[in-house]
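The chain contents come next:
Number of protein chains: 2
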Amino acid sequence: MFRTHTCGELCLLNSGLKITLSGWVQRSRKMGGMTFIDLRDRYGITQLVFNQDVNTVLWEQANKLGREFVIQVTGLVAERSNKNANISTGEVEILVSELQVLNESKTPPFTIEENTDGGDDIRMKYRYLDLRRTNVRENLELRHRITFETRRYLDEMNFLEVETPILIGSTPEGARDFVVPSRMNPGEFYALPQSPQLFKQLLMVSGFDRYFQIAKCFRDEDLRADRQPEFTQIDCEMSFVDQEDVLNLFEGMMKHLFKFVKDIDFAEAFPRLTWHEAMRLYGSDKPDIRFGMQFVELKEEVSGHDFVVFDSVPYVAGICAKACAAYTRKQLDELTDFVKKPQIGAKGLVYIRCEADGTFKSSVDKFYSNDDLKTIALKFNAQPGDLILILAGAKLKTQKALCELRLEMGARLGLRDKNVFKPLWVIDFPLFEWDEDTQRYYATHHPFTSPNLDDIPLLNTDPGEVRATAYDMVINGVELGGGSIRIHNSELQNRMFELLGFTPEKAQAQFGFLMSAFQYGAPPHGGLAFGLDRLVSLFAGLDTIRDCMAFPKNNSGRDVMIDAPSVIDQSQLNELNLLIDLKPQTVKE
Amino acid sequence: MFRTHTCGELCLLNSGLKITLSGWVQRSRKMGGMTFIDLRDRYGITQLVFNQDVNTVLWEQANKLGREFVIQVTGLVAERSNKNANISTGEVEILVSELQVLNESKTPPFTIEENTDGGDDIRMKYRYLDLRRTNVRENLELRHRITFETRRYLDEMNFLEVETPILIGSTPEGARDFVVPSRMNPGEFYALPQSPQLFKQLLMVSGFDRYFQIAKCFRDEDLRADRQPEFTQIDCEMSFVDQEDVLNLFEGMMKHLFKFVKDIDFAEAFPRLTWHEAMRLYGSDKPDIRFGMQFVELKEEVSGHDFVVFDSVPYVAGICAKACAAYTRKQLDELTDFVKKPQIGAKGLVYIRCEADGTFKSSVDKFYSNDDLKTIALKFNAQPGDLILILAGAKLKTQKALCELRLEMGARLGLRDKNVFKPLWVIDFPLFEWDEDTQRYYATHHPFTSPNLDDIPLLNTDPGEVRATAYDMVINGVELGGGSIRIHNSELQNRMFELLGFTPEKAQAQFGFLMSAFQYGAPPHGGLAFGLDRLVSLFAGLDTIRDCMAFPKNNSGRDVMIDAPSVIDQSQLNELNLLIDLKPQTVKE
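Line by line, the protein sequences are chains A and B. Just so you know, we're using the numbering used here here: the first sequence kicks off at 41 and counts up by one. Just so you know, we're using the numbering used here here: the second sequence kicks off at 41 and counts up by one.
Hints listed in this document are in silico derivations from the structure and should not be mistaken for laboratory results. Since this is a predicted model, take the numbers as computed values, not measurements. Ideal placement from N, C-alpha and C gives every residue a C-beta, glycine not left out. A portion of the hints provided could be inaccurate.
Covered, in the sense of this in silico footprint (three residues per stretch, anywhere, with C-beta under 8 angstroms from a C-beta of chain A), are these stretches of chain B [said to hold, decoys possible]: (1) 137-149; (2) 183-194; (3) 242-249; (4) 486-495.
Just so you have them, the derived chain B footprint on chain A, three or more residues with Cβ under 8 angstroms [what the hints assert, rightly or not]: (5) 168-176; (6) 217-228; (7) 231-243; (8) 595-605.
From the structure, some residues in chain A lie toward chain B, with a derived Cβ separation under 8 angstroms [claimed, not checked]: (9) 108; (10) 143; (11) 205; (12) 249; (13) 256; (14) 561; (15) 608; (16) 612.
Kindly produce the complete structure, drawing on both the sequences and the hints.
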């Protein structure tokens with residue numbers, strides 16, 4: 041037996057008890073004839089004491105212990121004179137009478153502390169040591185807790201977790217599919233699923249009624265800041281439901297998670313915002329509503345004042361930053377530089393300071409009188425001391441830029457507290473998106489998304505106005521999940537394909553399999569999927585999903601710890617009937 | 041709203057209630073002016089009634105409903121005159137007042153009944169319809185329940201579920217690895233894990249203490265009867281434990297599953313059998329102990345009677361089949377043919393009938409007197425009416441043949457009841473297996489398995505006798521799971537590699553990564569993995585793991601439903617820098 045207790049559980053009540061602990065040497069302090077060692081395991085830290093006067097041999101052994109040595113000790117629990125209120129075991133220490141080194145350790149390449157001295161690269165290379173750090177481990181404990189509570193809730197709601205296959209077929213449009221050559225079927229390939237979408241809809245055809253799966257998904261694409269080639273979804277689907285049923289059930293799930301994982305109660309229903317409203321008020325389909333600072337559109341008010349910048353564009357809108365009228369020239373220049381960054385792309389920034397005396401000072405005083413500015417300020421309900429920031433340009437582009445400015449101001453004003461959670465549903469997404477380049481409509485979600493039945497007459501007359509029965513759950517500006525009610529009627533499905541420019545042949549090639557299944561009695565159904573990695577990151581207050589994964593890959597899709605991917609033996613390639621044909625043009629710039 | 045209730049919940053208490061149901065038309069019976077329809081959903085079947093006299097139009101509509109149509113009905117719950125005690129809803133029926141066809145269905149290619157008329161191939165092609173059959177769905181419900189209860193138990197025991205990556209690196213010996221070409225890293229490949237072994241041991245180095253994962257694993261090999269290219273393991277690892285800790289904890293898990301999934305209580309500890317005892321008594325390392333019929337070794341008793349068959353071989357042993365003395369000549373010939381089958385490989389079968397009058401009749405009467413046979417019968421504790429069956433030959437081969445004969449007799453005598461569960465642990469496996477061909481030892485499990493510390497002196501003198509601290513859980517003759525205590529001491533590990541014929545270079549190439557991690561303070565650890573598919577099959581009483589998977593592949597590794605694997609576009613191959621190079625010799629015979 042290696043231990044009677046863990047390093048996280050002993051307290052004053054255990055005083056006088058003879059116990060055995062095992063763990064890692066976190067740190068060691070020699071103070072005269074006393075040596076103190078912090079012994080660490082997953083559950084906590086307990087202080088060990090070695091006294092030269094009591095046992096010189098043991099004390100000498102203790103002095104030889106290096107950081108991260110694995111040891112086993114036996115001793116008496118005793119009250120500490122110098123208590124540490126920061127840890128649960130801080131009132132006691134162990135007077136060690138026996139010590140065994142279970143394993144030695146080389147000096148780790150970085151400190152195993154919350155604030156480590158190790159950079160990203162070295163920590164990823166030695167991820168197994170990085171995972172020893174309490175804060176990193178806590179992220180994975182949180183992940184476990186979230187998946188466990190997700191399952192508990194969905195099980196209570198009669199959902200069945202069904203494993204769908206990882207080795208599936210590649211679709212003609214599966215440009216981002218990872219493929220897997222089959223040894224038993226020479227020249228043929230499996231693909232790894234980008235999501236279990238096909239299979240979950242099949243399970244509805246099978247009458248499974250309520251399905252979920254915490255499923256690994258794969259996408260072979262250039263990895264932007266916060267993407268991983270393999271990621272995890274909480275994937276769900278229900279039969280005989282409409283949008284209201286789905287929203288209620290998964291709002292319930294999120295409330296369950298907040299309650300049982302974060303101890304936060306949401307008494308009220310999550311607010312719902314149509315996509316149009318979200319764009320109008322926040323310039324985003326995933327608004328961060330931890331703070332207001334809603335957009336105010338000003339085109340009408342600002343037109344006709346000979347200010348060509350405003351007169352020449354279709355869209356002028358602004359936000360009001362509370363109590364920022366005292367922003368310096370330098371601060372305002374910073375904001376101007378911010379919105380002019382290429383990835384934001386505004387041409388400039390107009391400001392109006394609402395002075396304490398009720399007057400206004402703006403960067404467009406030449407064109408607008410104090411009364412004009414007052415009228416504008418009234419629209420924002422701005423108070424003396426506030427700062428109004430205005431952008432102008434093409435509508436969508438300017439909305440996006442203003443959204444970024446709003447988020448930036450929210451951050452500067454400390455309005456984006458990671459411990460505050462503001463969920464909402466965004467609903468009524470447009471069914472189609474118009475693409476200027478190809479001059480045609482594309483499905484905003486996927487081609488099985490059902491239109492709002494009220495909008496069916498618009499399908500032929502004004503497709504761009506048709507609302508989808510699609511919905512996203514957004515928390516703090518993060519799209520955590522989304523889904524839709526699916527089309528189960530083959531006539532409507534065919535019309536959709538037509539509108540999306542699919543010939544019957546192309547539709548058959550790409551979706552034929554699911555369409556065949558739908559001929560045998562498909563129930564009305566719908567569902568959604570949550571990004572587990574994002575959900576955990578949000579709950580943990582992390583900036584990247586990487587930190588909530590045990591063994592993430594870097595931006596090049598590499599696991600630097602195990603050095604994967606890598607070249608494989610020629611004999612393996614032979615067995616798979618493959619030749620490598622490296623083309624110079626595929627070398628990445 | 042599509043329904044107020046499901047098809048599995050209405051009963052007499054609901055009489056008079058107006059309800060709405062949705063589901064599939066299971067069957068339809070027209071009896072004069074009454075039409076009865078069984079409406080099915082995941083939860084059950086409810087009878088619908090349409091009465092010509094009450095509503096002719098509705099009745100006519102009902103008569104047009106085909107099998108597997110999806111409908112929604114509203115009506116009153118009424119007591120049935122003709123009750124069906126077999127189903128929970130059998131006391132009521134619905135007097136339908138509204139009917140809506142939600143979706144039509146083509147006639148399915150086989151009947152959606154427990155005993156379907158569909159063969160294996162067609163059911164796999166239309167797996168989404170096969171899954172509608174109650175017994176198939178119940179297997180997946182059971183699977184859900186087992187994984188849920190597994191997680192509940194392990195969570196209570198402080199295990200953390202950690203997702204390890206699916207895209208990992210290929211190992212030099214990874215002959216059965218599925219590989220995945222990386223687009224971002226031209227010419228390089230990921231591999232899919234055959235198990236998370238490496239990562240779970242790393243997590244122990246990381247101090248995770250108690251890890252589990254219900255993990256997809258992959259193996260690209262010819263698929264024998266009951267193998268799948270992707271399969272699922274309950275994968276577990278613990279730190280600071282010895283074998284006793286692991287056995288107790290996972291015996292607890294199995295008892296938990298039996299209790300909460302099957303409502304079966306195991307008060308007693310699972311018996312433990314050493315590998316040597318298991319081989320001696322049952323000729324198998326996964327004995328079915330639902331019945332006795334243990335082997336009795338007879339070499340001593342049968343030698344020296346001029347019977348050259350017994351005299352010339354090292355091993356003679358038999359089993360005693362209760363009350364089978366009356367087996368006919370034909371039955372005995374069948375058994376002889378059975379043991380002579382090539383896959384069993386015995387040369388012949390000797391029988392001794394224990395007659396009711398206390399005399400004996402055997403196939404070797406020429407060599408053995410009645411007293412000789414009595415002596416043998418005594419060793420079996422055979423009673424009048426019993427039948428003794430004896431095989432002879434090389435020890436291991438004969439043990440295996442006798443094991444098959446024992447299982448065959450157990451089956452014939454109805455001693456292998458699928459509703460009876462007899463678990464045991466098999467322990468003390470040999471650490472090494474001698475290979476005659478290459479004249480060297482191989483690791484019975486994997487090279488990180490710790491020897492029994494008492495046997496360390498034997499490592500140099502008699503490696504074949506060294507016991508591993510490895511263990512298997514066996515239920516009803518099925519090896520459900522197994523594992524070992526791992527070596528955490530690098531000196532011992534190096535000796536192991538030496539004994540296994542690994543040069544330091546080869547050990548470094550194949551295991552270097554884990555060995556490096558072990559230099560930073562590896563705790564003593566051990567674990568095991570259960571085959572989830574086998575576990576579910578056992579609980580469900582299935583003959584193949586395929587039946588407990590939602591979308592299994594066939595013996596060629598094909599998913600015939602989605603027709604995967606398949607050829608992929610040349611453009612995809614180009615992006616992956618691959619050429620297909622089909623070699624004639626790789627075409628399968």
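Here is what the structure says about each hint:
Chain A is given as covering the region 137-149 of chain B, and this holds because 6 residues of the stretch bring a CB closer than 8 angstroms to a CB of that chain, at least three being needed. For the region 183-194 of chain B, the stated coverage by chain A is satisfied: 5 residues place a CB nearer than 8 angstroms to a CB of that chain, which reaches the threshold of 3. Counting residues of the region 242-249 of chain B whose CB lies closer than 8 angstroms to any CB of chain A gives 7, so the stated coverage by that chain holds, three being the minimum. Counting residues of the region 486-495 of chain B whose C-beta lies closer than 8 angstroms to any C-beta of chain A gives 0; at least three are required, and the coverage claim is violated.
Interface restraint, the region 168-176 of chain A with chain B: holds (4 residues with C-beta to C-beta distance below 8 angstroms; minimum three). Given a C-beta distance limit of less than 8 angstroms, the hint that chain B covers the region 217-228 of chain A holds, as 12 residues qualify and 3 suffice. Coverage of a stretch by a chain is defined here by at least three residues with a beta carbon nearer than 8 angstroms to that chain's beta carbons; for the region 231-243 of chain A and chain B the count is 6, and the condition holds. Counting residues of the region 595-605 of chain A whose CB falls under 8 angstroms from any CB of chain B gives 9; the rule of at least 3 is met.
Here the hint on residue 108/A is kept, as its CB sits about 4 angstroms from the closest CB of chain B, short of 8 angstroms. The interface hint given for residue 143/A is met, as the beta carbon of that residue sits about 5 angstroms from the closest beta carbon of chain B, less than 8 angstroms. For residue 205/A, the interface hint holds, the least distance from its beta-carbon to any beta-carbon of chain B being 5 angstroms, beneath 8 angstroms. Evaluation of the residue 249/A hint against chain B yields a held restraint, the C-beta minimum of about 4 angstroms falling below 8 angstroms.
Among the interface hints, the one on residue 256/A holds; its C-beta lies about 6 angstroms from the nearest C-beta in chain B, closer than the 8 angstroms criterion. Interface restraint check for residue 561/A: the shortest CB-CB distance to chain B comes to about 4 angstroms, inside 8 angstroms, so the restraint holds. With 8 angstroms as the threshold, the beta carbon of residue 608/A comes within range of chain B, its nearest partner Cβ sitting at about 5 angstroms, so the hint holds. Taken as an interface hint, residue 612/A checks out: its beta carbon lies about 7 angstroms from the nearest beta carbon of chain B, inside 8 angstroms.
Taken one by one, the earlier hints fail for this structure only at number 4.
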